[in-house]
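Student: Given next are the chains, with one letter for each unit.
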Amino acid sequence: MSEDSILSLANVTHDFKRRRALTGPSPLIRAVEDVSFDVRKGDILGIVGESGSGKTTLAKIMLGLLPPTQGEVLLDGTPIAKMPRKRIAERIQFIFQDPYSSLNPRQSVGQIVAYPLYLRGQENAAERDKKARELLDIVGLSSRFFDAYPSQMSGGQRQRVAIARALITRPDLLICDEPTSALDVSVQSQVLNLLLELREEFGLTYVMISHNMAVIQHMTTHVAVMFLGRIVEMDTSEKVFQTPQHPYTQLLLSSTLSVEQGAGVPDLNVDADARRAMRDHPSYVTQRV
Amino acid sequence: MLLNVENLNVVIPTQGGPLHAVQDVSFNVSKGETLCIVGESGCGKSVTALSLLGLLPKSATRSASRMTFDGKDMITMSDKQIRALRGDRLSMIFQEPMTALNPLHTLGRQLTDVYMAHRRGDRKEARERAVYLLERVGIARAAERLGQYPHELSGGLRQRVVIAMALMCEPELIVADEPTTALDVTIQAELLRLLAELQKSMGLGMIMITHDLGLVSRIADRVVVMYAGQVIENAPAKELFENPKHPYTRALLGSVPNPSHPRMQPLPSIPGTVPSLVQKMEGCHFRDRCELASEECRVSIPLLEVGTEHAARCIKAEPETSVARSAVP
Amino acid sequence: MTETVTSTPKAQDRVSRRMRRPRWMGHAGLILGSTIVLVCVLMALLAPLISPHDPYAQDLVSRFIPPVWHESGSWEHVLGTDHLGRDYLTRLLYGAQISLVIGIGTAIVSGIIGTTIGVAAGYFGGKIDSVAMFIITARLAMPVILIALATVALFGSSLTVVMLTLGLLLWDRFALVTRASTIQLRSQEFVTAAEIQGASILQIVRHEILPNLLNNLLIVATLEMAQAIVLEAALSFLGLGVPAPLPSWGLMISEGKASILFEPWLITIPGVALFLLVLGTNLLGDGLRDITTPQGRN
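Residue numbers (the working numbering), protein chains in the order written: chain A, 1 to 289; chain B, 1001 to 1329; chain C, 2001 to 2298.
Watch out, some of these pointers could steer you wrong.
What the hints assert, rightly or not - Okay, derived cross-link-like pairs now, DSS-like style, lysine-lysine, Cα gap no bigger than 30 Å in a straight line:
(1) K2127(C) <-> K17(A)
(2) K2127(C) <-> K60(A)
(3) K86(A) <-> K2127(C)
(4) K1031(B) <-> K1080(B)
(5) K239(A) <-> K41(A)
(6) K1072(B) <-> K1058(B)
(7) K2127(C) <-> K82(A)
(8) K41(A) <-> K86(A)
(9) K82(A) <-> K60(A)
(10) K1124(B) <-> K1058(B)
Said to hold, decoys possible - With the Cβ distance kept under 7 Å, some of the chain A side facing chain B (calculated, not the full set):
(11) L257
(12) V259
(13) V265
Everything labelled a hint here was simulated from the structure, so no lab data went into it. Quick reminder that beta carbons are idealized off the backbone N, C-alpha and C, glycines included.
Excised from the complex, chain A in its bound form:
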C-alpha cells in the first residue's frame, strides 16, 4: 500500500446467506471474491461489470456500510471497520444512481445539501445555509433552487443536488454508482463535465461504478473489470481499452454499441460453455508499485 493511497482493499470477500425457507440449509452466495486494489489520490478508478458482478456489494463495502466476510478495507491506513461513521463521511462520500430516490422528497434542496453539516453539529443554522448556497453555486444550480423541492426538479438537476450534498463536507474520495445511467444523454455530459471540473478544482479522487463502457473509457484513469464477484482485469484505462486481455473484458468491449453507422450489431457468439470458460479463466490484475 503506497503512501498516496486513500482507500485500500485487501483480499475482500463477501458471502450472503440466502434464506430458503423457515428450515433447511441456507446456501452461501459469494457476491465478492478476493478483491484487492488501491485507490490513490487523483485517480478515477472505474469499476465495470454487469448485473450480478458484485459491483454494488463492493461499493457498500468500500463505504464501510457492509463489513466483508473476509479481508480488510483501509481508509488512510486505518481499518474502516474501526472508524466511526461520521469520520468516514468526512473522507468518503457517495453518489447514487437514481436521482429520484436519493433525495428526501420532504426536504427542500437547502435542507438536503446542508444535512451532513447538520449531523456534524459544528456549525449553526446560518453558517450551514451559507455553505449550502455556496455548494449549489459550485455545482451550477441557481440559488433560487435553495427552497425548491426535488419533485420540482429534473433528473440532471437532482443529481447536481446529490453532488452538492456529497461535497459539502469536503471529502477526498467520491464513490459514484452509475451517476448518469438514469439521465438523458445530453444531461449525462453536463454531469460528467461537472465531475471532471470539480475534480480539478478540489483535488478529488473518484471511484466510478458503471456498466457503460463509453463513459468509463472517457472518464477514468484506471479500470477494474468485475465478473461474477471477481476482478478479472485491472490496469490503466489505456491498457485495458486498447489491449484487453481477459475474454470477458473483450466480450464487454465488443458488445458496446458505439455510434458507428453501418457497423451492424456485433456477433458475440457466446454460449453457455464460453461463459463458463470465462469464469474459470485466470485474471489479469496489474498491481501498482
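Got chain A; can you put chains B and C on it based on the hints?
Tutor: Chains B and C only, in chain A's frame:
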C-alpha cells in the same frame, strides 16, 4: 408502405394544463424496414408508440390527418377493430420484461392465449407454434419452458419470450419501445441480432424506439429524431449520421462519449433543459438552448427539405442542394 | 474548453409550479367531509357560549317537549327535551365535545403506540419485526368490544378510561400501515444516504422516515377517529361507556330507546348527528388520501 402516419397530435390533460405530448408528427414504415425513433425523455416517442396501438390513456385526445396500416384507416377504427389488429398484425414489445408477462400464468399459457385470441385454431396448434417460436428466439428445451413461470427465467430470457409472444400471430409490424434498455450489455447485443434476423427472415417492419444513439446507428434504415414533442429531423440512417442537419441532432451526437474525444476533457454538452410541453410553445422548441438561435426562430418552423429524403425542422440548417425550400409532407 | 454548466435564464429552467390549482378544490368529498367535521368542532368549542341551557339542568315539568317543528314544540327548546326535561340542543352541542375528545384522544394515543411499533418493525426487521407482527396478530385476534366492556366494568366508566381503553386497542391499523411504509422507505436511497452521513437511527426516523409517513398517518388517524367515535357511542349505548349524566350521543340514544314510538326525536337527533360526524370524518380521510397520492415522476 405498411404504416403511414401524418400530422399525429396527442394531447393529454394534466393537473397543470393540457400536455401537448406529440405535435404534428409524421413518419412511415415499409415492409422489412427498420425505423428508429430517437429522443430523450419527454420527447413524446413512447406516447407516439402507444397512440399507434390504441393504448393511450382514456383522457388523451389523438388526432392525425392520416394514419393507415396497410391502407386501412386507423383513426376511425373502433376499439374492437384495434384490438383485433393488436397482437395479430401489429405487435408491441415493451421495455420491462418483468411487467410484460403475467407472473401468475405459465409462459405456455400466455403464448397460446395470444394465438387463440386472434386465430381460430385449437390449443394444440398454438402450442406447436409456441414451441417453434421459443426455439427460434434461442431458448433451449422449449417444450419444458412452456410450463414455467416468468419468475423462473432471467431478464434476458424473459425478453426473448416477450419477442416470441409478439411473433405468435405472424405480425407484419413490430413496435419495440426500448426493448433492451433494462438488460445487460452483452445480452442486448444478442437480442438485437435476433430481432434483426427475425425481421429479415419474416419480412417484418420494425419501429424501434430508443434513446441510445449507438443502437440506432447499428440497426436503423431510417431515423426520426424527436425533441419536445416534435419530429426535428427525419433521414436515412447513413445520411443522419454522416450529415446531421438539425443543431439538436448534432449536439446530441457530439455529447455521446466516444474514444475520439480527448479523454477526461469536458464533452460538448447542451446547456439548459427540455422545455415543458404543457401549454403549446411557439416557434422552435430548441431555441432556448441553441447556439444558432435568432429572432426568426420564434415562429412556427415546418419540416424543411435539407437533402435527399432528409428533412429537418430548422431554418439554420443548410440544404445540400440549393433548390427552393419546400415543406416536406 | 469548459462548458458552462449554469442553467441559463433563457432556458425555461424555472422551478415549476406543479399545481396551478390546488388539488383539494376539485374534490367534493374532501370539501364536504371537512365542512362537517369543522362544524362539529365549532359546536364542541362554542358549546358553552351558544347553548341556551345547562346540559344537566333537569326540569321535570318540561319533560318530553318535542322539537320546534312539531305543533307542540317551542323555540324555548329548539330540539325539544328528554325524559328529565334537559334541553336537547344543549346536550347535542356538549355531546359533540365528548365524541371529538374521544375521537381525537384515541387517535393520538393509538397513533403513538401503533407508529412506534410499526416503525420499529419496519426499520429493524428480523426478530423485532417477528415480535411486532406477533403482537399485532394477537391484538387482531382480540374482540375489541368485549375487552372494552370488561375494562370499563373493572375500572369504572369515565371519559378517561374509555379513551385510554380504546387508544390501547385501536392501534393495529397504525402499526400495519406504518410498518409497510417504513419497509418501503427503508429501501429508498435517501435513507441509505442519511446512513452514510452518519445519522443515528433516531435522526433517520425523525428526518427521513416520519415526514414521509405523515400523509398515511393522517389518513389512518381520521379513519381511526371515526371508528373510535362509533365505538364510544356503542359502549355508552350499552351502558359501559361514558357514565350518565354526561351527554354522550350514544348514551342519549340509549336513554331514548324506551321512548322510540312516541318521542322518536330522542333517538333520531343524536343518531343523525353521529352518522354525520362519522361520515364526515371518513370523507375527510378518503379525501386526504386522494389528494395526497403522489403524482409520480415526471
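Student: Now, for every hint given, state plainly whether the structure supports it.
Tutor: Evaluation of the provided hints:
1. Restraint check for K2127(C) and K17(A): satisfied, since their Cα atoms lie roughly 16 Å apart, inside the 30 Å limit.
2. A hinted pair counts as satisfied when its Cα atoms are at most 30 Å apart, and K2127(C) with K60(A) qualifies at roughly 24 Å.
3. The straight-line distance between the Cα atoms of K86(A) and K2127(C) is roughly 28 Å, inside the 30 Å bound, and the hint therefore holds.
4. At most 30 Å may separate the alpha-carbon atoms for a hinted pair to count; K1031(B) and K1080(B) meet this at roughly 25 Å.
5. For the suggested pair K239(A) and K41(A), the alpha carbons sit about 20 Å apart, so the restraint of at most 30 Å is met.
6. With a C-alpha separation of about 23 Å, the suggested pairing of K1072(B) with K1058(B) holds against the 30 Å cut-off.
7. Distance restraint check for K2127(C) and K82(A): the Cα-Cα separation of roughly 26 Å lies within the 30 Å cut-off, and the hinted pair is therefore satisfied.
8. This hinted pair checks out: K41(A) and K86(A) have alpha carbons roughly 21 Å apart, not beyond 30 Å.
9. For the given pair, K82(A) sits about 16 Å from K60(A) by alpha-carbon distance, which is consistent with the 30 Å threshold.
10. For the suggested pair K1124(B) and K1058(B), the alpha carbons sit about 37 Å apart, so the restraint of at most 30 Å is broken.
11. A cut of 7 Å between beta carbons decides the hint on L257(A): the least distance to chain B is about 4 Å, and the hint holds.
12. The beta carbon of V259(A) is positioned within 7 Å of a beta carbon in chain B (closest approach about 5 Å), and the interface hint is therefore held.
13. This hint holds: V265(A) has a C-beta 5 Å from the nearest C-beta of chain B, less than the 7 Å allowed.
Checked against the numbered hints given earlier, this structure breaks only hint 10.
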